[in-house]
Amino acid sequence: MPPERSGIADYSALLLPALRARCEIVTVKRGARRPPRGTDLSVYHIGNDPVAHGWIVDALRRTAGLVVLHDFVLHHLVSGITLGRGNGKAYLDALERDAGLPARLLGYAVMEKRIPPLWENRPEDFPLAGEVLGLATGLIVHSRYVHDRARAYGFTGPIWIVPHPAFPVPELPAAEVGGEPLFASFGNVNASKRIPQLLEAFARVRPERDAARLLLVGATSPGFDLDRRLQRLGLDDAGLVREGYVHENRLWQLMMAADVHVNLRSPTMGETSGTAIRALSLGKPLIVSDVGWFSELPADVALRVPVDEHEVETLVAALELLTTRPDVRTAMGAAARELALREHDLGQVAELYVAAFEQAAGGGAVGDAVLREVSEAAADVGIAPGSAAASEIAERLGEVGLGG
Amino acid sequence: MRIAVCRPQVPFAHGGAEIFTDTLVAELRARGHEAEIVSVPFKWYPGARVLTQAFTWRLLDLTESDGKPIDLVVATKFPSYAVRHPEKRVWLVHQFRQAYELDRTDLGQFGESPEDRAIRRQVQELDRVALGEARRLFATSGNVAGRLERSTGLVAEVLPHPAQALDYHDEGHGDFILSVNRLDRAKRVDLLIEAAALEPSLQVVVVGEGPDGDRLRGLVADRGVDDRVRFAGRVDADELARLYATCFASFYAPVDEDFGLGPYESFLSGKPVVTATDAGGPLDVVHDGSTGRVVAPEAAEVASAAVWLRDHPAEAVAFGRAGKAIAVEVTWDRAIGRLLA
Chain A
1 MPPERSGIAD YSALLLPALR ARCEIVTVKR GARRPPRGTD LSVYHIGNDP VAHGWIVDAL
61 RRTAGLVVLH DFVLHHLVSG ITLGRGNGKA YLDALERDAG LPARLLGYAV MEKRIPPLWE
121 NRPEDFPLAG EVLGLATGLI VHSRYVHDRA RAYGFTGPIW IVPHPAFPVP ELPAAEVGGE
181 PLFASFGNVN ASKRIPQLLE AFARVRPERD AARLLLVGAT SPGFDLDRRL QRLGLDDAGL
241 VREGYVHENR LWQLMMAADV HVNLRSPTMG ETSGTAIRAL SLGKPLIVSD VGWFSELPAD
301 VALRVPVDEH EVETLVAALE LLTTRPDVRT AMGAAARELA LREHDLGQVA ELYVAAFEQA
361 AGGGAVGDAV LREVSEAAAD VGIAPGSAAA SEIAERLGEV GLGG
Chain B
1 MRIAVCRPQV PFAHGGAEIF TDTLVAELRA RGHEAEIVSV PFKWYPGARV LTQAFTWRLL
61 DLTESDGKPI DLVVATKFPS YAVRHPEKRV WLVHQFRQAY ELDRTDLGQF GESPEDRAIR
121 RQVQELDRVA LGEARRLFAT SGNVAGRLER STGLVAEVLP HPAQALDYHD EGHGDFILSV
181 NRLDRAKRVD LLIEAAALEP SLQVVVVGEG PDGDRLRGLV ADRGVDDRVR FAGRVDADEL
241 ARLYATCFAS FYAPVDEDFG LGPYESFLSG KPVVTATDAG GPLDVVHDGS TGRVVAPEAA
301 EVASAAVWLR DHPAEAVAFG RAGKAIAVEV TWDRAIGRLL A
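Taken in sequence, the protein lines are chains A and B.
The opening residue of the first sequence carries number 1 in this note's numbering; numbering runs sequentially from there.
The opening residue of the second sequence carries number 1 in this note's numbering; numbering runs sequentially from there.
Rather than coming from a laboratory, the hints here were simulated on the basis of the structure.
A hint or two may mislead.
[Claimed, not checked] In silico contact screen, one side only, chain A against chain B (beta carbon under 10 Å); selected entries:
| hint | residue |
| --- | --- |
| 1 | Glu358 |
| 2 | Gly367 |
| 3 | Asp368 |
| 4 | Val370 |
| 5 | Ile393 |
[To be verified] Straight-line Cα separation of at most 25 Å, DMTMM-like style, residue types lysine to aspartate or glutamate; simulated pairs:
| hint | chain 1 | residue 1 | chain 2 | residue 2 |
| --- | --- | --- | --- | --- |
| 6 | B | Lys43 | A | Asp10 |
| 7 | A | Lys29 | A | Asp10 |
| 8 | B | Lys68 | B | Glu133 |
| 9 | B | Lys68 | A | Asp49 |
| 10 | A | Lys89 | A | Asp49 |
| 11 | B | Lys43 | A | Asp49 |
Glycine included, C-beta positions come from ideal geometry on N, C-alpha and C.
This is chain A alone, in the form it adopts within the complex (with noise of 0.2 Å):
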């Protein structure tokens, strides 16, 4: 929760009254040992940061319960409260546990320094999810991305997709920019964020589209030499507009002047884009990359741009055609904003998460008592477990989500 500053802090301040309108919610902070008494639930929200998270970990090894889980790759945060706290023995085994022995070879040599951090590297590769899976009793998700990855990684128990709710857009007026069109991209400005690959496709845009702008708003990361960038591309005394970290009224105010949002990613981990949100909320087109999560964006919403050998030229087909084609801007960000109506709406999004919330107290103890009659009928009629007339109860009690 806010202070701290993260996505997933921002997310819970926005979701929460929505929450206590709808059920009880007594929420737990740092340093607390058990849950109070009397909740029928355990909730915990788990990203991929150690120091926003590491002690909710700790938490849901006291207690499991329901993970919300943020991003589906967790390498991050299992360092650093494994590594980090001083523990290098549970660092390796939470390696081998994602991929086997090689990967605990890995963690050796990650440890002697003779090759370079996985958790900057190859995080992708090694999510290290398994520990948090293991002691979850039922999952929330926001994509089917993280469904499907979850399965694949043996998660057995229920998962419930909900939405990341659409944010209420404050009353500001929109900053004054320029461009026609204006171009922007919102967080840090790194690698990951294909920034380089964007900077590439609008420097080749730009010179048959002087009034198009590109608008950069968000802290360099560490390593990353974007005024050398800019300079090689022709793109440092005119085109780019440059905001560093801004504040949250800012942020919108420029979000609110972009004719375009890019959102671009790659490796993703699994995560579900706040800044994208905002983007359809605000009723703006989007353009990102063709991974993870945002895949799952409409066509008519989002272009959609493969990572792979032609990302560069499909960024450029893009750029030109929202560039050229007002229209195209206009209808997609029609479709943004129905969308953010349709799927994200706060209070709908609630619903999901009391409708997850009921089913993950209860549902275990109902389940149960289904199994137990249907079982008791079956074998009055002599049906014995593991015959196909109990395989096929199983499959029909499966079919309607009633176990088997």
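Please arrange chain B on chain A, whose structure you already have, making use of the hints.
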């Protein structure tokens, strides 16, 4: 075509859904189909029994019978639509309303324990799966379709079913308003009795029996309107047709009704309908100032609307005619044509 019409059966109870499915089977047979009712007893309590009873439908194999294929199944209300069939059509009469809009009301079933809350959610999940797999999904009214879409996101085509066969006719603008309904609190016949108490010139005939009958008779005595509110009880088809033919309008204002055949029967007799703004299904066809009067569910409003229709015969006749134009379009030929298309 061999068609199985699926309906749950609450032993010793017989109501609108049973009449509807019996009639559907008869009408299918009249059109050359081999049709049959398939029924399974239904008990929805205690605890998770509602789910195990629903699950019974899931185990049925209706793909063939006695070695001959069953071409199509038509499921009607919860939990019959849990049945599996490659050609499953659902003509939805209603879902298990205790799991939806009746939850946490006097008519609800589920308490606040984690188990009860989870059973309710599981019923909803079962609906999503079982209704979602139907090849075609129809609802008897816009109200039922709306509830379905709000609760599951599934979209149903509205397909009203025709009124019962009666000798519908019109003997002119009469001097009483008619209520034809089961005497049950949810049907709100008491609104009409209270309206009569407020408006000393209003004459009322009440057709039907039910669990609220004694209370309603007591209310009539208490309000001193015995001379103007007549309970006709259950009446035969001829008497019902005669009452419709001789009234000036009918009153039909249940709370959030699924469908409601009453307005169709009234319209086929050329009579407008007084209903309430929260009546649900009837609002598909009763439109204020067009086919009847739609008023707030308050006795004074009902009294005023009834007196207005009585005192404006030209308008009442016009409204009745407009309603009839809607009702005559709802035929078994058309309904079955869409159902089997």
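A quick look at each hint next to the structure:
The closest approach between the C-beta of A/Glu358 and any C-beta of chain B is roughly 4 Å, which is under the 10 Å cut-off, so the hint is satisfied. Because the closest C-beta pair between A/Gly367 and chain B is about 8 Å apart, less than 10 Å, the hint holds. With 10 Å as the threshold, the beta carbon of A/Asp368 comes within range of chain B, its nearest partner Cβ sitting at about 9 Å, so the hint holds. Here the hint on A/Val370 is kept, as its CB sits about 5 Å from the closest CB of chain B, short of 10 Å.
The interface hint given for A/Ile393 is met, as the beta carbon of that residue sits about 7 Å from the closest beta carbon of chain B, less than 10 Å. With a C-alpha separation of about 46 Å, the suggested pairing of B/Lys43 with A/Asp10 is violated against the 25 Å cut-off. As the CA atoms of A/Lys29 and A/Asp10 are separated by approximately 16 Å, the hinted pair is consistent with the 25 Å bound. Proximity of B/Lys68 to B/Glu133 is assessed by CA-CA distance (about 23 Å); at most 25 Å being required, the pair is judged to hold.
The hinted pair formed by B/Lys68 and A/Asp49 fails the criterion: a straight-line CA distance of about 62 Å is larger than 25 Å. In summary, the hint linking A/Lys89 to A/Asp49 is supported, as the alpha carbons are separated by about 20 Å, within the 25 Å threshold. A C-alpha spacing of about 51 Å is found between B/Lys43 and A/Asp49, which places the hinted pair above 25 Å, so the restraint is violated.
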